[in-house]
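Residue-level listing of the chains:
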Amino acid sequence: MELPLPVAFTFSPMRNTPAANHRAQKNLQQKMQEGTILSFTTVRHPPEGFPVGPRVIGLIELEDGTKVTSPLLTSDASSLTIGMKVLPKMRLSRVNDQGLRTYDISYEIPVQKPVKQEFPGYVLALTGPSGVGKTTVSLLLSTTVGSYVERVPILTTREPKEGDADEYIHVSPEEFLALKNEGKLATSTSIPSRDEKRWYGYRTEDIEAIWEEKKIPMIITEMNLLQGLASHYGRRSILSFGLMPPGKSKRQKLSALLHRLRDRGRDTEKQIEDRMKNAEADLEFFAKRSELFDDLIVNDDIDSVVGQLGGLVLERVKA
Amino acid sequence: MQSPIYLTGTGQTRFGEHWDMSIKDLMEESIDGAIDSADCTALDIDMVVVANMLGEVASDQAHLGAMAASLLPHHPPALRAEAACASGSVALHTACALLESGKAETVLVVGVEKMTDISAGKIAAGLMGAADAEKDAPSGLTFPGIFGLIASRYMHEFNLSREQLNHVSARHHKNAVSNPFAQFRKEIPAESISTSPKVADPLCMLDCSPISDGAAAVILSTKFKSPIKIAASQLATDTLSITDRPTVTSFAATKDAMTAALEEAEIDRSDISHIELHDCFSIAALISLEDMGFANPGEGIALYEKENPMTINQSGGLKACGHPVAATGIKQVIDVSKQMKESKSEYGLAHNFGGAAATCGIHILAYA
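Chains as they are written, first to last, in the working numbering: chain A, 1 to 319; chain B, 1001 to 1368.
No wet-lab data here; the hints were simulated from the structure. There's no promise every hint is true.
Derived list of chain B stretches under chain A, where covered just means 3 residues or more per stretch with a C-beta under 8 Å from a C-beta of chain A [claimed, not checked]:
(1) 1066 to 1080
(2) 1138 to 1144
(3) 1357 to 1365
Every beta carbon over 10 Å from chain B, so not counted as near; a handful from chain A, in silico [as the list claims (entries may be wrong)]:
(4) 222
(5) 252
(6) 294
Beta carbons are placed, not taken as given, at the ideal position from N, Cα and C, and that holds for glycine.
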């Protein structure tokens, strides 16, 4: 059960200041563990600042022995029993007057999803911040291992612009959402821009057509699409590589990206600024979700990267 | 105690909804009662200790020490003690320390809480200040929620049924009928407890102590004698958050304070004839009886299922007498002293805790 979105509030005991929020974020990582329900209750009247209506809260013992009290995501508290295993899930907890959104960890009873038995095939995914050289690498890959790899077109609602290669298929937002609702997209994400919400995604039919040709579909992607893809086809179907800019420190890496974006000359300074912000998040993503990557490759010498990737792809194909 | 501390005066307001009284009015009525019943005069009071939890939250009022002192003609030195619902017993303990040290000979202790001026939602949020604000509160727990977790675990571990738990509040309501200071002087049949609206499963409205206004005051003295002495005054603490404890069905602070109090009074628990215990929620009464050693773990309910020689919460307890939080610990001592005088029994005990027993204060009174 998704709880209703909390409303803004001001009462001080449930304070939601940036500093208190920051301290809370430090503990989130620790709460991301499996746990066992030691006890639970349904609070019929949560305190001010929380959504009105019953709130199921558990006392949970985590795997490392620490205990937490957190909401339990369930539509039916009577289905819960003490001793049940629960899994963590990050969700929006509160929004303050200034719009600061506080996230907290809730726990849910794992639903027994049938494990996909058949292995559909590999998808090659390249993830990395913009400017790292994903497109260049993918073009070179098509020439070296082109007989094994084919790029999957990106479905998008954004307006075509000059410099677009044939990598995009442009559709209207209505068409996009229709495909999404019919389950015809393997993964999708929306990126808010100044005046509209832009959708990006990959169609299952495009990916499956490439498999029909006995080739490996290749996608150039970002973190949200990668996560979606991994849950759609299963993580083991994804040959996932993260491309990192060269440099020892985060500052050096970001500076390398900045130079490349400026050299490329496609974006305005404002756009570059936005891309740099995302780049920082992308670099963090590599560290936080390392399980989503088979390898992280530093793009310092394009030939060696292409050689390395080509080798890894051939290895899988032969296996 | 090195030099005996006597309970010379007691006074309290009725507990309940006093819309016509401010925090100061409540204090004044209880202080007047204490001075009137004492052997000393107002001018004999050397120091004042005020117990209060929610002055800032519910009345925009801090600095309650000076407020209480200003009600006395000579404005004696005054201070405030805060330990959530255990504020009352912490204030009593502080007063005992002042008396034992010789810093004062006669101390007025007044506990006051004004809770009905603000909405129930705000009071519920304010009361959560008794838990860990960064560990417990962000989940959306209320205090009934914390005790809902405790009750649910207790029922799981000890196989206590919901019907059995009903006896706790039913007994307290029955006891309150004869207490003129009680908020609810009304008997409620056991079966009505679990059919009252749910608050935090498995706890229902009638398992929870109410929101109350009220004040209670006592005068403790080493100079002015009375038949009632403080035989023991002990405090103990536990982790603030229940998540940092090995168990939630037993409170270490109660156990520690009880052991120390029996030792200080040099008595056995079987010498005690009357107890007032901290039943902020029905389940807390059972856990407290067990932690004080009056019942084995999981068997506290037996003391409610049948009558027994030791009286438990003859005042109606927090449930039926009302729970103006910081006044409770002091009111308990007043009630125990009255019960001892009436039955001419030797020992009585007041058990008061704050939060989920993160602070516990136990006072043993002796009658001679």
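To see whether the hints hold, each was checked on the structure:
1. 1066 to 1080: Per the Cβ count (0), the hint is violated.
2. 1138 to 1144: holds (count 6)
3. 1357 to 1365: violated (count 0)
4. 222: Nearest chain B Cβ is 31 Å from residue 222 of chain A, so the label holds.
5. 252: holds, 36 Å
6. 294: Consistent with the label, residue 294 of chain A stays out of reach of chain B, its closest Cβ about 37 Å off (over 10 Å).
In this structure, the hints that do not hold are numbers 1, 3, in rising order.
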